[in-house]
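Novice: Each chain is listed here by its residues.
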Amino acid sequence: MSTLEIDRARKLYGDLEVLKEVSISIGTGDFLVLLGPSGCGKSTLLNMIAGLEEISGGEIRIAGKVVNDLSPKDRDIAMVFQSYALYPTMTVRQNIEFGMKIRGVSRAERDKAVKTAADLLQMTHLLDRKPSQLSGGQRQRVAMGRAIVRQPKLFLFDEPLSNLDAKLRVDMRTEIKRLHARLGTTIVYVTHDQIEAMTLATRVAVMKDGVVQHLDDPQSVYDRPANVYVAKFVGSPSMNIIPAKLEVKDGNAIAIIDIPGAATAQLAGIPVSSQAAAKYAGRGILVGIRPELFSVTGAASAQKLSVNIDVVEPTGPDTLALFQAGGVEVTARVPPRAVAARTPATLAVDTAKIVLFDAETEQRID
Amino acid sequence: MATNAASFRRQHRIGRAVIYGSLFFMAAFYLMPLWVMITTSVKHLDEIYAGSFIGLPQQITFDAWRTAWSEACNGTACRGLKPYFINSLLLTIPAVIMSTGIGAINGYVITKWRFPGSNVIFGLLLFGCFLPFQAVILPMAQTLGMLGLAGSLPGLVLVHTVYGIAFTTLFFRNYFVSIPDELVRAAKIDGAGFIRIFVSIMLPAALPIIVVSCIWQFTQIWNDYLFGASFTAGENAPITVALNNIVNVSMGRKEYNVDMAAAMIAALPTLFVYVVAGRYFVRGLTAGAVKG
Amino acid sequence: MSRSTPLSNRIENWLPRLVLAPSLLVVLVAVYLFICWTGWISLSSSMIVPKYDFVGLNQYVRLWSTPRWHTAVFNLFVFSTLFLALTTGLGLLMAILLDQKIRVEGTLRAIFLYPMALSFIVTGTAWKWILNPALGVQKVVNDLGWTSFVFDWIAQPTFAIYCVVIAAVWQSTGFAMAIFLAGLRGIDNSVIKAAQIEGASLPRIYRTIVVPMLRPAFLSVIVLLSYIAIKSFDLILALTNTGPGSATEMPSTFMYSATFRRDQMGVGAASAMMMLMTVAAIIVPYLYSELKESRDGH
Ligand SMILES: Nc1ncnc2c1ncn2[C@@H]1O[C@H](COP(=O)(O)OP(=O)(O)O)[C@@H](O)[C@H]1O
Ligand SMILES: [Mg+2]
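Chains as they are written, first to last, in the numbering used here: chain A, 1 to 366; chain B, 1 to 292; chain C, 1 to 298.
Keep in mind the hints are simulated off the structure, nothing from the lab.
The beta carbon of each residue, even a glycine, is placed where N, CA and C say it ideally should be.
Please note that a few of the clues may not be correct.
Derived SDA-like pairs: lysine to any residue, alpha-carbon spacing no greater than 25 Å straight-line [to be verified]: (1) LYS65/A - ASN47/A; (2) LYS208/A - GLY184/A; (3) LYS139/C - TYR20/B; (4) LYS254/B - SER246/C; (5) LYS139/C - LEU56/B; (6) LYS130/A - LYS65/A; (7) LYS231/C - PHE127/B; (8) LYS167/A - ASP318/A; (9) LYS101/C - TYR20/B; (10) LYS153/A - LYS167/A; (11) LYS304/A - ASP350/A; (12) LYS254/B - TRP153/C; (13) LYS73/A - LEU15/C; (14) LYS130/A - VAL199/B.
Which bits of chain A does chain B cover? Going by a derived footprint, with three or more residues having C-beta under 8 Å, they are [as the list claims (entries may be wrong)]: (15) 67–79; (16) 92–104.
Please build the complete structure, drawing on both the sequences and the hints.
Specialist: Below is the structure:
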């Protein structure tokens, strides 16, 4: 049985439709990340799951029970907020206990729960401090502790790391991942950071303008994005989307890409069904190539293209080489010092991992 | 170069001297009335009539204070300020508590439980901050009469509470908007309801603005004259009305030292609050610039 | 789409409205209904007690043909102009001087501001004594040797209103200073530093850069001081008791004496309505702009 089912959920603010029939379903132990740019409706969806916003249409079920009309406290959830939302006048201990007190949990049980959570998050020494005496990372920890003691069916996180500095963010990310593995809880996590989504999720829902664009496990979303929008949003540097022409030779699809000042590239071995190949034969399409699919050496049989490198940007472990192809700027990730700026180069492409998109609808062609 | 630097430094020093000079001159001017009030109140009347206005008293006497406190006449009785001082306390304390409490709840609802129309309600309340009370005095007098509260202290408490709500609501509204909504959401998830969130989370966090509101209301109500003069009579008058009556009684030789002692007595409570909690007092003042 | 919501949820949803309702009701009655009520009285022939007949604008005609009201309006004009100009100017000067890293800033600020804690009745009583020609400032200067010095404004019908101005300015400058100082502290320091590097002198920096940036503070100060000016009542009573004669009559005192002393309730109500309209003309646009701005700011 699914722990969380969102069934054609809609949200309207007056006439403004912020969420359009969103359907997502995840199982116990899943880590769902809602990923999208600011304003796409992630927090709204999370708040609807939590019961902090009304559901304008559709249904949300937690552990099989429809929760549309349940108040937050009856939904068996816990939530961690971007600003941590610690009660400023209470100590850490009181913050963690507050919900249990309201539920009438006995003193002894409260103490035990606080101790367990504090041990788990290594914050026993902080229990008698006020939130104002804590660092950002410590506040984050307390907020998680407050959620953990509820032992809910579902944890909700709304951009919990975005107020932390870069280093701490990476540490806390790992910690959340470890916590998820240890407690085996089900989590819905909102972020606009695609790296967070990739590292944490077991399921990613990429959203745009209140619509889920792609729902899958992170590697599938990365490898076979559902459309150009998802392709560009996930991965950094993002996937190259190169206008090209599709031709079919002997039943095999070949992408033809114009390259200024060099021979036209002809890439074969693209994974696409023969029906699709036939349908798009002779038409313009978009070719999606991740930067790391390029390489400087390759088997003699590998698909190659000759380009003129404009700029190289060393990043340390490897170098980004920029060149023109199909009328757009293309980025290739190559080993350090493999190519030089303003010189021609021949790059091999792992065409088996190329993705094709319809030029008009921008949807993936399978 | 060296002479340049020296002249620059000299110029700078002259500039500083001018700044400090003007500030101290102004400070002297602002302190003068207080100085005159205090010294006059501890002088003998003969010394005053002999022409000592600004100087130190030759001999300090607290007779005038005693007279002002318990004997001075206000036209009807000669019981000094004491009963009216007590009136003012009896009226100010409940009015401050009630108006602050109501303002706190209103501010909480307006910021954290917005509903369609709550902003309009806030706008309606806000105009009450700037109501010229002359425009409501007549109907208020009629209404108090109908309620059987005419001329009484409870009536005056009611009036001050009602017209204090606008300002206290403004204070709390502006304070609570700066508290993140996520705090309320977190509390809802913890299972707290409307009242619990207010009592356990918002009120403890609002301590500074509670102080501001209490001080502001205390100063306003203690210093009020218009309502006191309009809605109370004789025995029930607040201290400002009694002070004005004492000062304006014209019988025999004018006792300036008693007038000044009486003025000091009327001023002491608010001055005390100002000295003890001036920071909060200033916040109340500048909150009149509505922003939030 | 309608579902049956649990009862406790529904109460919880309505509680905020229920809690706000009494305040709303009280304000609707005590502010808005009472204003209408006063308006009604101003259209009636009420004298000693309210009468609810209708005589059109008769009371307003009577009001505007009362010489005393003309004095009051004229006084209000003179008083507000001087009071606003002096208080704003002095307050700004104090704020700028205090903003120069003054060592005893806290003490000075407290001294400039303490009059705001006093009742206008106390202020009036004190200044009445200070301005008293027989024993006050005039006497002091005379005793110092300048025997021909005369400072008896408070006894002169044409000058008494300036005494009110002096006392009111003394009481309110600290308020203007506090708002200006808050404004100055809110200005980004780097602007001033940049101008200094350009070689601009300090007075010039203040004149051309800092003071223009204080525009919102000016707006607040002027609006709030106008409000204080229009409703000033206690100060007049305590300082001059509208005298000598009726030389320092103001709309607020006029309203009070017409209503409670001279048994002209209708005229009193009409004058109250005139005051209200004046205040509303200043305050309503101000509130509107402040609220709109703060909403846009979100
Ligand atoms: N109370 C509201 N009234 C009207 N529109 C709202 C309200 N809350 C959010 N929105 C709109 O809904 C959209 C989604 O908001 P949100 O869920 O907060 O986005 P995200 O969390 O993805 O950044 C935004 O365009 C926002 O302007
Ligand atoms: Mg968000």
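Novice: Each of the hints needs a verdict: does it hold here or not?
Specialist: Quick rundown of the hints versus the structure:
Taken as a hint, the LYS65/A and ASN47/A pair is honoured in the structure, with Cα atoms around 17 Å apart against an allowance of 25 Å. Simply put, LYS208/A and GLY184/A have alpha-carbon atoms about 29 Å apart, too far for the 25 Å limit, and the pair is violated. Restraint check: the Cα-Cα separation between LYS139/C and TYR20/B comes to about 30 Å, which exceeds 25 Å; the hinted pair is violated. Proposed proximity of LYS254/B and SER246/C is supported: the alpha carbons are some 23 Å apart, at most 25 Å.
A C-alpha spacing of about 16 Å is found between LYS139/C and LEU56/B, which places the hinted pair at or below 25 Å, so the restraint holds. Proximity of LYS130/A to LYS65/A is assessed by CA-CA distance (about 38 Å); at most 25 Å being required, the pair is judged violated. At most 25 Å may separate the alpha-carbon atoms for a hinted pair to count; LYS231/C and PHE127/B meet this at roughly 15 Å. With a CA separation close to 21 Å, the supplied pair LYS167/A and ASP318/A stays within the 25 Å bound.
The straight-line distance between the Cα atoms of LYS101/C and TYR20/B is roughly 11 Å, inside the 25 Å bound, and the hint therefore holds. Straight-line distance between C-alpha atoms of LYS153/A and LYS167/A comes to about 30 Å, which puts the hinted pair past the 25 Å bound. In summary, the hint linking LYS304/A to ASP350/A is supported, as the alpha carbons are separated by about 9 Å, within the 25 Å threshold. Among the hinted pairs, LYS254/B with TRP153/C is consistent with the structure: their alpha-carbon atoms are about 20 Å apart, no more than 25 Å.
Pair hint LYS73/A plus LEU15/C holds up; C-alpha atoms about 18 Å apart against a cutoff of 25 Å. This hinted pair checks out: LYS130/A and VAL199/B have alpha carbons roughly 18 Å apart, not beyond 25 Å. By the rule of at least three residues with a Cβ nearer than 8 Å to a Cβ of chain B, the coverage given for the stretch 67–79 of chain A holds, with 6 such residues. Counting residues of the stretch 92–104 of chain A whose CB falls under 8 Å from any CB of chain B gives 4; the rule of at least 3 is met.
In summary, the numbered hints that this structure violates are 2, 3, 6, 10.
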